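> Got chain A; can you put chain B on it based on the hints?
There are 2 protein chains.
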Amino acid sequence: MIAKKMQEQVQNSSIIRAMFEEGKRLAAIHGAENVFDFSLGNPSVEPPLEVKKAILEIVNNEDAMSIHGYMNNSGYEDVRAAIAQSINAKFNTTFTQNNIIMTVGAGGGLNVIFKTLLNPQDEVITFAPYFGEYRSYVGNYEGKLVIVSPNTVDFQPNLEEFKAKITPNTKALIINSPNNPTGVIYSEETLIKLAEILREKQKEFGTDIYLISDEPYRELAYDHAEVPYPSKYYANTIIGYSFSKSLSLPGERIGYLVISDQAADCENIIAAANIATRILGFVNAPSLFQRVIAKCLESKVDLDTYNRNRELLYNGLSSYGYQCIKPEGAFYMFVKTPIEDDVEFSNLAKKKNILVVPGTSFACPGYIRIAYCVAYETIEKALPGFKALIEEV
Amino acid sequence: MIAKKMQEQVQNSSIIRAMFEEGKRLAAIHGAENVFDFSLGNPSVEPPLEVKKAILEIVNNEDAMSIHGYMNNSGYEDVRAAIAQSINAKFNTTFTQNNIIMTVGAGGGLNVIFKTLLNPQDEVITFAPYFGEYRSYVGNYEGKLVIVSPNTVDFQPNLEEFKAKITPNTKALIINSPNNPTGVIYSEETLIKLAEILREKQKEFGTDIYLISDEPYRELAYDHAEVPYPSKYYANTIIGYSFSKSLSLPGERIGYLVISDQAADCENIIAAANIATRILGFVNAPSLFQRVIAKCLESKVDLDTYNRNRELLYNGLSSYGYQCIKPEGAFYMFVKTPIEDDVEFSNLAKKKNILVVPGTSFACPGYIRIAYCVAYETIEKALPGFKALIEEV
Chain A
1 MIAKKMQEQV QNSSIIRAMF EEGKRLAAIH GAENVFDFSL GNPSVEPPLE
51 VKKAILEIVN NEDAMSIHGY MNNSGYEDVR AAIAQSINAK FNTTFTQNNI
101 IMTVGAGGGL NVIFKTLLNP QDEVITFAPY FGEYRSYVGN YEGKLVIVSP
151 NTVDFQPNLE EFKAKITPNT KALIINSPNN PTGVIYSEET LIKLAEILRE
201 KQKEFGTDIY LISDEPYREL AYDHAEVPYP SKYYANTIIG YSFSKSLSLP
251 GERIGYLVIS DQAADCENII AAANIATRIL GFVNAPSLFQ RVIAKCLESK
301 VDLDTYNRNR ELLYNGLSSY GYQCIKPEGA FYMFVKTPIE DDVEFSNLAK
351 KKNILVVPGT SFACPGYIRI AYCVAYETIE KALPGFKALI EEV
Chain B
1 MIAKKMQEQV QNSSIIRAMF EEGKRLAAIH GAENVFDFSL GNPSVEPPLE
51 VKKAILEIVN NEDAMSIHGY MNNSGYEDVR AAIAQSINAK FNTTFTQNNI
101 IMTVGAGGGL NVIFKTLLNP QDEVITFAPY FGEYRSYVGN YEGKLVIVSP
151 NTVDFQPNLE EFKAKITPNT KALIINSPNN PTGVIYSEET LIKLAEILRE
201 KQKEFGTDIY LISDEPYREL AYDHAEVPYP SKYYANTIIG YSFSKSLSLP
251 GERIGYLVIS DQAADCENII AAANIATRIL GFVNAPSLFQ RVIAKCLESK
301 VDLDTYNRNR ELLYNGLSSY GYQCIKPEGA FYMFVKTPIE DDVEFSNLAK
351 KKNILVVPGT SFACPGYIRI AYCVAYETIE KALPGFKALI EEV
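If you read the protein sequences in the order shown, they are chains A and B.
For the first sequence, the working numbering begins at 1 and goes up steadily by one.
For the second sequence, the working numbering begins at 1 and goes up steadily by one.
Next comes chain A alone, as it looks inside the complex (with noise of 0.2 Å):
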């Protein structure tokens, strides 16, 4: 009775919840504190104590009616406006609120955009590895994900093989950077060299290609590393933000939309994000958070205690032999199975009560995720499980 594109997705319902239902089950049996969970991208960091401070000064002291009530789809005019202008500080750009649409996250901007931008058939373009929603979130306005394939020497994109899968088909390429699952930060030179080839295909098929910047995890970057800005390389990029992990709010469910005025047809594609958000049923992101997040611009979560992870994790990880980038952001390593078959490798994890994410979930087999968003002591535990795994295969 459902609809057939969902019976789908009941049958191959995300490999990654039902890993998170496993570590329950086991949890059970075993005892929380003896089963080492790492497959779930859930901030394991305090939101920074700005964000309480916020809600408390605006539940205490602004109008209920104006905390909690309607305003336009795109969000609150002066808190669009701070965020164009927190983005001009940092980056050099010269964006306004009408270039900021607030969204229900990061995965509602995604969403809002392809609904704004898909017909049957576009094609969106995508690295490998990638997050898997992507696969959904295009999938939801008959659009075609197109997968260019890994390139595992350091996990920047693969632009030969991109260069060639463009077609005039190609309506957007979506990037995610720092990325999930690797780690990895897509370099200037990479953003640079993506943008001449975008630009080169443009001209040779006469369309438009957008470049949609996924970007919840630009806030986790170690060791002052830069993550540079895509809209400076390229005229037609659309940025999605989120504050689920630069703040630990990822329940709140609140991000942006930036939308350049240098992107062609920008006025029609913002005027229809914001009906897109109107008529997906987002309305409007959350209210009181809209305000919230105006007041923590400038905050970010405890970097250092990820970092912490980061470090015991590849440092343990490498001296047992395990091969693997050492992750510039985010809270994800990408680690190469030390046999083939990743969804073999995943299981033989289990049986040590580990749960890791095989690679072939995002397109990439021959590795496993590990989300280092998790206590210390959980990382502690586990390695000699992954010692006593790879002395074993």
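Any given hint could turn out to be false.
Intra- or inter-copy, both count: the list cannot distinguish identical chains.
Simulated pairs of lysine-lysine, DSS-like, Cα-Cα distance not exceeding 30 Å [said to hold, decoys possible]:
1. K295 - K53
2. K336 - K52
3. K300 - K52
4. K24 - K203
5. K336 - K24
6. K5 - K201
Note that these hints are calculated values from the structure, not bench results.
Everything numeric in this text was worked out from a predicted model, so none of it was measured.
Chain B alone, transformed into the frame defined by chain A:
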């Protein structure tokens, strides 16, 4: 460059919103106090004090990670259990947390359920006058909205025509009671007859037809009028509820779906609705407000304020000779225009700085919708304009 479907949407952009902008323009010219904007269904009564109290209690006493973190896509188990319990106590039903899915308002919930149920070309029936967003919500999933013409005698649904319009492709009926735009409550007799027709047609065609009840106005019923609970009359019922009006929280986007265990294929519907919540980019209903509403399930806004408005407006307009059904719920009055052309009449009203929505927007020409969720004084000051209007035409 934007999607073809969105081009039409941008062109036909909601008349209601255009009216809102017109209101701002007139206010700039004549002063806000001299413009009488009855065009938007934006609550004008403060949220009950329990809302503020709940926010402060939660933020001051609970762990920030659990307030703002991810949870199951369907929402917090304890919140869903509390909602089920509250419904059961009121309507003698037997729901559990498994029947409840927390949603980003009713708009989000309706999108989730249409995504869950609709194959392309599936038909969804609704009764005119109807809330215009249904057309977009159904269209998002390639469904076809089928309109049953209005019964302008008492604005209960036109059941004869309804029966005739059910086909083997009918997947759902969507109703809205207390109704936007009429304020009419669908009677128990209506629901009993509706259910009989649906059962008869299900049998005739060997299909399942879902009754989707959109209930943002359930708590806004005057003179202790009863709003029957549809699940009690028909097994294949799905309720879409929202706290936007009952607690004056429209900006916070918080509501829920109730999917009955008696509904055909309910297990798959519940599983698919959970996935639809995720892949449409909602991910989950805003987390803090899930916890807030759980503490406010027996609270509601001060109905007396809306009721005073209702009495003033109804008595005033009736005394001038306008014809309309006295609304039993919600905060809208649906008034017969003294000339046939409702769009022309709305334009004449605009010349008196009175903003209303033509019935044509609700597939019911010859009427206007007056949203009386405004200050009492706005009605007092607008009444002479309404009087002059009917005298002039």
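> Check K336 against K24 for me: Cα-Cα at most 30 Å, and say if that holds within a copy, between copies, both or neither.
within (26 Å within a copy, 59 Å between copies)
> If the cut is 30 Å between Cα atoms, do K24 and K203 qualify within a copy, between copies, both or neither?
neither (53 Å within a copy, 43 Å between copies)
> Check K5 against K201 for me: Cα-Cα at most 30 Å, and say if that holds within a copy, between copies, both or neither.
between (33 Å within a copy, 26 Å between copies)
> Please sort K336 with K52 into within, between, both or neither, judging by C-alpha distance up to 30 Å.
neither (40 Å within a copy, 50 Å between copies)
> Since the copies are identical, ignore which copy is meant and state whether K295 and K53 lie within 30 Å (CA to CA) inside a copy, between copies, both or neither.
Answer is both; intra-copy 9 Å and inter-copy 22 Å each pass.
> Pop the pair K300 and K52 into one bin, within, between, both or neither, using alpha-carbon distances up to 30 Å.
Classified as both; 13 Å inside a copy, 26 Å across copies.
When each numbered hint is compared with the structure, violations occur for hints 2, 4.
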